[in-house]
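In terms of full-length UniProt numbering, the sequence shown opens at residue 1 and continues consecutively.
If you are wondering where the hints come from, they were derived from the structure by calculation, not from laboratory data.
Check each hint, because a few of them may be wrong.
Simulated crosslink set (DSS-like; lysine-lysine; CA at most 27 Å straight-line) [unchecked claim]:
1) LYS147 x LYS246
2) LYS56 x LYS147
3) LYS72 x LYS56
4) LYS246 x LYS213
5) LYS147 x LYS160
6) LYS213 x LYS72
7) LYS72 x LYS147
Label pairs and their in silico Cβ distance ranges [as the list claims (entries may be wrong)]:
8) LEU42 x GLY191: 50 to 56 Å
9) LYS72 x VAL93: 30 to 36 Å
10) THR250 x LYS72: 29 to 35 Å
11) GLN158 x SER6: 40 to 46 Å
12) ASP203 x ARG119: 19 to 25 Å
13) SER6 x ALA241: 47 to 53 Å
14) LYS72 x ARG179: 29 to 35 Å
On a predicted model such as this, the values are computed, not experimentally measured, just so you know.
Note that the Cβ used here is the ideal one computed from N, Cα and C, for glycine as well.
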Amino acid sequence: MTRQESLQAEEFQHYRPLLFAVAYRMLGSASEAEDMLQEGYLRYRQAASGEIRSLKSYLTTIITRLCLDHLKSARVQREDYIGPWLPEPLITVDAEDLALQTLEQRETLSTAFLMLAERLTPYERAVFLLHEAFTYRYEEISEIVGKSPANCRQLLHQAKEHLARNRVRFSPAREEQQRLMERFLSASQEGDMQALVQVLAQDVTLWPDGGGKVYAAPYPVPGRERVLRLWNGLMRQSASAYPNAKYTLTQVNEGIGLMIWSPETLLSVFTCEIENGQITALYEVVNPDKLTYIQRQARPTE
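Working from the sequences, and respecting the hints, build out all of it.
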């Protein structure tokens with residue numbers, strides 16, 4: 001590696017946390033975000049250093065535009081996705097590469113927000129995230145996405161309108177989430193139906209994502225009675241197939257997530273939305289392709 005290449009590698013590594021934070025929020029996928037960073041680094045190495053005024057803006061531009069291009073093709077793929085599509089879960093405790101300093105940055109990592117962001121156009125999503133989560137000015141965003149400042153203002157307005165119409169109910173303090181998920185897990189393991197009824201809202205919905213790779217309901221399951229019936233079946237099947245299964249709670253997508261292990265392989269990750277002290281939505285990721293990254297986070301030595 002030449003001195004110039006070594007310097008470029010160091011500079012890219014310095015901005016890597018920011019770039020990954022942008023790419024993950026744009027795509028809802030850690031593995032795809034990693035692909036964008038790899039391609040972005042190759043493009044940076046090919047650039048003439050004399051043309052770069054601000055390295056931070058230059059690298060953000062590369063990654064954002066790669067994500068915009070990727071979203072255009074990903075949208076078609078997700079229309080053909082088998083069952084509900086959920087974002088790839090991430091462990092967010094002590095996550096220095098996710099930019100978690102502000103409320104907006106934390107909220108834009110939630111499963112609920114990332115699902116809702118799928119309804120935005122790629123440019124609405126980019127402008128909203130750059131402005132609201134990463135506090136870029138319109139003039140900077142204009143250069144990053146290749147739109148005029150006026151157009152960027154309009155895109156932000158449209159994005160906010162879409163999000164307001166489908167308002168995300170961000171979950172309460174993490175301590176309350178922890179207590180509720182502990183009650184949910186304990187009641188599930190003990191088969192305590194009365195306790196589960198108290199924990200789950202009447203209008204709770206289960207969102208299962210198997211991606212056609214493993215068995216999962218091919219549609220959202222609405223209503224407490226149906227969710228309980230399906231959930232109890234899942235717990236019985238899990239206990240039968242994996243008698244040594246382990247259940248752990250950890251911080252996932254800025255909420256509390258339930259991870260089920262077999263015992264060394266991650267089988268599923270559950271996150272939730274909470275309102276008025278009850279679970280209103282359960283998000284179940286069992287697609288093994290979406291569990292690779294988070295398993296590596298949880299077991300970094302593997």
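What hint numbers does the structure not satisfy? 1, 14
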